[in-house]
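> Based on the sequences and whatever the hints tell you, model everything.
Chains A and B, in that order, are what the protein sequence lines are. Take -11 as the starting number for the first sequence in our numbering and just add one per residue. Take -6 as the starting number for the second sequence in our numbering and just add one per residue.
Think of the hints as simulated: they come from the structure by calculation, not from any bench. No incorrect hints appear here.
So, partial list: chain B residues that the calculated Cβ filter (under 10 Å) puts toward chain A:
#1 Gln50
#2 Asp51
#3 Val52
#4 Met55
#5 Thr139
#6 Gly142
#7 Thr143
#8 Phe226
#9 Ala229
#10 Pro230
#11 Pro231
#12 Arg243
#13 Gly244
Remember, it's a predicted structure, so these values are computed and weren't measured experimentally. Where a beta carbon is used, it is the ideal one built from N, C-alpha and C, also for glycine.
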Amino acid sequence: MMMRHGLAMAAIAALMATTAAAETTLRRSGDLGFGGAENLDPISPTRFYEANDLIYNRLVSWGPDGLPAPELAKSWSASPDAMEWTLVLQDGVKFHDGSDFDATDVKYSLERIKDPALESPVTSVLNMIDRVEVVDPLTAKIVLSSAHADLPLLFLDYRVRMIPDGSGATIATTGIGTGPFKLETLDPEGTTVLLANDDYWQGRPKVDRVEIISIPDQEARIQALLGGQLDYSDLNGDQVATFEGNEDFVIQHYPSGDWQGLVMRTDTAPFTDARVRKALRMVVNRQEMADLVVGPGGGTPSCDHPVWAGDSYRSAIECGADIEGAKALLAEAGYADGIDIDVHTSDLEAGMVRMVEVYQQQAAPAGIRVNIVMAAPDGFWSDVWMVEPFVSTSWGQRPADQILNEAYRSGSSWNESYFADAEFDSLLDQARAELDLTKRTALYHAAQAALWERGGSLIPYHINGVRAVRAVVKGMPEAGEDYIAWHLVEKTGD
Amino acid sequence: MSIALETPNAAARPHRLAWLRDMVGRRSGAIGLAIVLAHVVLALVSPWIAPYDPVAQDVTSMLVAPGAEHWLGTDKLGRDVFTRTLLGGREALLITALASIIAMIWGGLLGMMLGLVGGRIDEWVMRVVDALLSIPWILTLLLFVTILGTGTVVLIFILGFSYGLTVIRIARAAALDIVTKDFVLAAQARGHDRWTIVNRELMPNVRDSLAVEAAMNWSWMLLGFSSLSFLGFGVAPPTPDWGLMISDSRGIMATAPWTVVAPMVALASLIIGINLAADALAKALGIDRSQKAPL
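Shown next, in the form of structure tokens:
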């Protein structure tokens, strides 16, 4: 009898232990923006950034002050002429396959970005790196072909991730990194499963699994969040009310350099004429557009400069809606009777279509007749963006030097407006090489002024981020995803 | 000695519009017709009676609840929902009405011709039609829209073609009942060509079935068109359209239900009205709709 009782107790104890150790799963969404072509190569044009963020580490991470903070690089220093940078790496870091992370991996990961065959959008960001030398296993020296005074800022790029030496041919499917989670199953069109990396160098993650569920439609993502199928999601202004007063969710507001905008191909008529481009941009009442599209307080107006308000290199251009000025420019360019344009957009992200609707109304008084052309959300980035002459666009926050080079330098693979301006390129070159902060700042300001005068991007505002997080999720800071330390995120219930 | 031949339209109707009197005499028919007529009239006169500009945005009155100034409130861009709902059926009604006519003409003629010709051609064509009909209708529409793009003319032809497939079946089945009748055989014996036989002998006898089919097809087409708009492939924004309005505001259904309820009620009432009218029409014409192939 005693023995039977003992067995029962043991069974109950085992059951309780099982319950206590129940697996916790964090569920997030993927937007399927590349129509299923997403892969785990961090520098691929169709990178699966929702997964890569959790699988790989960067050399540096965003510090709370917006400056680089140590991640895989423990410290860094530059030569006096900023032509050589030396990185000291973290000790004891291992890849998911058990191999050690060292300077040879840094050399491989950074030099691989320059491979033209990969057509990586990051190439233009780091094209000043001539070579990387392995000083010792924990020290890498980066030799530049032209000076760069802010090189560590470029390592904040969400795609500059460290992968094992020689893994380029397989990394797209293996996803071997040093990050807090490792790949279990890859299914960009369905559910991708990641498991906690027990040996993570910053400590074991507090959730056991992460599921990345592909939901291309923003409204559907919100419904999935309300239904408990996701644990958090970004919101737009008018979706906030859905979650207000709901104790199951916490709403987070945070400043960001993300933006949605409209972009013209400067290599395609009628947008080859800088006067037409400026006229199409100067009709916008940016504050009103922000209020209508992302809600009051949801956006910080921008005068088409991609550098956000939190970046010290942002210039102070002022711009109001100038209908008469736009009419005059259009007349000068041969469009005295106004101009007809097609704007291609999609319901891929909240606010994208609405921005075009607002633009249509704001542009009409200047004789700009906008025809809205809808495209399917899945595959938008592959089939419409950088293909059609005038399209919706969306960018994540980047430091000034990076965004100016990546999105506007001649020949850059994500130069979405096909902007080719020798004077602009020269300003960027000079800024990178300029060691005096005041002079460097002036050069970046001049580059932003050039974009206002001649650029093809309409950037009406930067989005102030809003996110709804289920109350059971803890450890998620009120900041953009780039700032999240994923190993510290935990779930206290399901 | 005289030979009694069947003659077409043997049971001639007492009056050309007797079916209409019968239809209106039925409660469902009267209600259905009233709803459809109301929608058609509103669609015609709405540009003159709408209180606001349907595309005018107002940053000072976004998502205003229904009240004296905006009877059905405003949407996310401060546009008057009542105005947009009034105007929101114009594109749908016009496009689907024209597409219905196209579907009836090509589907009806091809169906009757197949019933008359029969044989291997009939067999092959019907298998192709069956294969196309086995694809869910929304997929068929999306396929065409993806290939051909959107736009009013394209949508009319896409809907007209897609929904014409069901008409082929109905017209062919109705024609098969008739082609063995004496008056058709007599016409063939007289040496009439097939077009004349279709036009003079089959058409008058298939017309009733096609009329009911047209009404039913119209309601399905409205649903199909609104679904395309909902998915972003119908009317382009900012044109007021019920499907587009529902799609645009579905994310705020819980906090601003008026933005979704108004277009939903408008669309649902029109489809219900057409269905009630079609049902009464079938009864008035003596057609048993339960015997017809599902649409």
